[in-house]
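A.B. asks: This is what each chain is made of:
2 protein chains.
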Amino acid sequence: MSLLVTGSIGIDTVETPFGKRDNVVGGSAVYFAYAASFFTPVRLVGVVGPDYPIDLKVLLAAQPVDTQGLEIRPGSKSFRWHGSYVADMNNAQTVTVDLNVLAEQAPKIPASYLDSTHVFLANTHPKLQQDMRASLKHAKLVVADTMNLWIDTSRKELHDTLKVIDGLVLNDGEAKLLTGEKNMIVAARKVLGLGPKFVVIKKGEHGSLLASRIEGSEEFFVLPAFPAEKVVDPTGAGDSFAAGMMGYLATQSVLSNSVIRRAMAYGTVVASFTISDFSLDGLRATSRQQIEKKYEALKGVTGF
Amino acid sequence: MSLLVTGSIGIDTVETPFGKRDNVVGGSAVYFAYAASFFTPVRLVGVVGPDYPIDLKVLLAAQPVDTQGLEIRPGSKSFRWHGSYVADMNNAQTVTVDLNVLAEQAPKIPASYLDSTHVFLANTHPKLQQDMRASLKHAKLVVADTMNLWIDTSRKELHDTLKVIDGLVLNDGEAKLLTGEKNMIVAARKVLGLGPKFVVIKKGEHGSLLASRIEGSEEFFVLPAFPAEKVVDPTGAGDSFAAGMMGYLATQSVLSNSVIRRAMAYGTVVASFTISDFSLDGLRATSRQQIEKKYEALKGVTGF
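The listed protein sequences derive, respectively, from chains A and B. Mapping of the first sequence onto our numbering: position 269 corresponds to residue 252, and the numbering continues sequentially without gaps. Mapping of the second sequence onto our numbering: position 47 corresponds to residue 30, and the numbering continues sequentially without gaps.
Note that these hints are calculated values from the structure, not bench results. Just so we're clear, the structure is a prediction, and the values are computed from it rather than from any experiment. Misleading hints may appear alongside valid ones.
To be verified - Covered stretches of chain A, as calculated for chain B (at least 3 residues, CB under 8 Å):
| hint | region |
| --- | --- |
| 1 | 177 to 190 |
| 2 | 245 to 255 |
| 3 | 273 to 285 |
Glycine residues also receive a C-beta, built at the ideal position from the N, C-alpha and C atoms.
Hey, can you work out the whole structure from these sequences and the hints?
C.D. replies: Written out as structure tokens, the structure is:
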């Protein structure tokens, strides 16, 4: 099995009640790659400018992340995001955002990645997600994320994307916007009607919800978040959740509802490490062994 | 084992997106008594005026509810509440409230109730809760609810109440107000520091959280709500949750963390019947058998 991720790579400035970090590593693909690599080797496709302040190849060399697909585009500038969680830890307020290189041509998928079996299309324009999907002819499981921007501006393209992917991961606000439904059970069911065989709705501190027709009839699963006493920086939590989920799925030979349930539990655990510190620091301080320990703790704190 | 509940009995007018019901049965003690009586006989202590439009003794005769403690006070008027969930299903907007008889002298506990082993002090003035607690000398397990009003106006008395009860059940907004903490894990821990051996924080559609020092060291448990596609009327959900929990606990010979977990799962299931229809209609349409079936379904939809 081989897991490919494509998404944003950014330079983040983040403010939370616990402090501020300037120009730190961020972006959906980086969080995903680091977090998923605890489970399986990851192939990264993304693009930055020569201004990127950290050597990502060195940073990611600590983990089994293939960075052949990381393009440093001459003459371009890296994506930058400045967000604040000071007023609300559940919703980032964007102070500034500069798409820069993300608004240009998409990065190329290296030839050596074309046999990837598992693919995570992190949040980007749905047309680009479709193009990526079309290039990866050996993919057995393709899961995508999306965001309010595309639901608002590119709904038709997003609907087309939903017809060619296996699973969709999105948050509750996005699910509401996409389906017009406040009730997340009804919203999840409506997403299934748009194409994907399963959908995972992320509810932040309130956990996550699965609706699946993988095994024919519809099945639901609800999972609380890991009880966290201290959330330092929620940035990357959703990407890390998807990463733990996809990382685990890539190690499994079958895709069943019970396998997706366990995968979501791993996603929950990995996200709990991400939010315990700024940027990648929470992930960098953990290990597969600690993830397994916390997975058992999640079982312990949720079982009855 | 014998379970006593004391709390409000009201005449409710309720508006939700699914319609309006005028002058229907309501109040914390009525929801609690009906819901808990699926598990164990319940003794009801409450007071109404002669204006109460329904014969509660007849209504409750369908279930093992002892109504000797139901006082119909001549010359008084029943408690009335008019609430609307039209704007927000998670928060009732009070249109009008008339305390009437609730602002008078508390109802008396009948002599035949004085040997009660399990007691639920539904939301009322904390000084009254203390008086009730003091009268029930055989009580092995006393659990109370509270509300914003008492936290704001009678904090000292509430703190005194917390020292003489075993468990507290409250919602997330109340927990935040009581402890000054937004994080519910920290808030729950702070409540334990105020006296109770366990605290259950109800989070509505986001489920519930237990913090317990029943077995010495602190233990947490998180449980999602039952995934509901259609919430018709949330009135009484919290009381029904407490009822399912206390009803089950009253049938158990030991109080352990795992017993409280199962009790919370029963509370979750019972509340899901309550919110499926107006007033008591959801509860009146169910049975212990259906509760058991849905308990298994809750296990099924949450396990991994």
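A.B. asks: Now tell me if each hint is right for this structure.
C.D. replies: We went through each hint and held it up to the structure:
Counting residues of the region 177 to 190 of chain A whose C-beta sits closer than 8 Å to any C-beta of chain B gives 3, which meets the bar of three, so the coverage hint holds. Given a C-beta distance limit of less than 8 Å, the hint that chain B covers the region 245 to 255 of chain A holds, as 3 residues qualify and 3 suffice. Judged by the Cβ-Cβ criterion of 8 Å, the region 273 to 285 of chain A is covered by chain B as claimed, because 3 of its residues qualify and three suffice.
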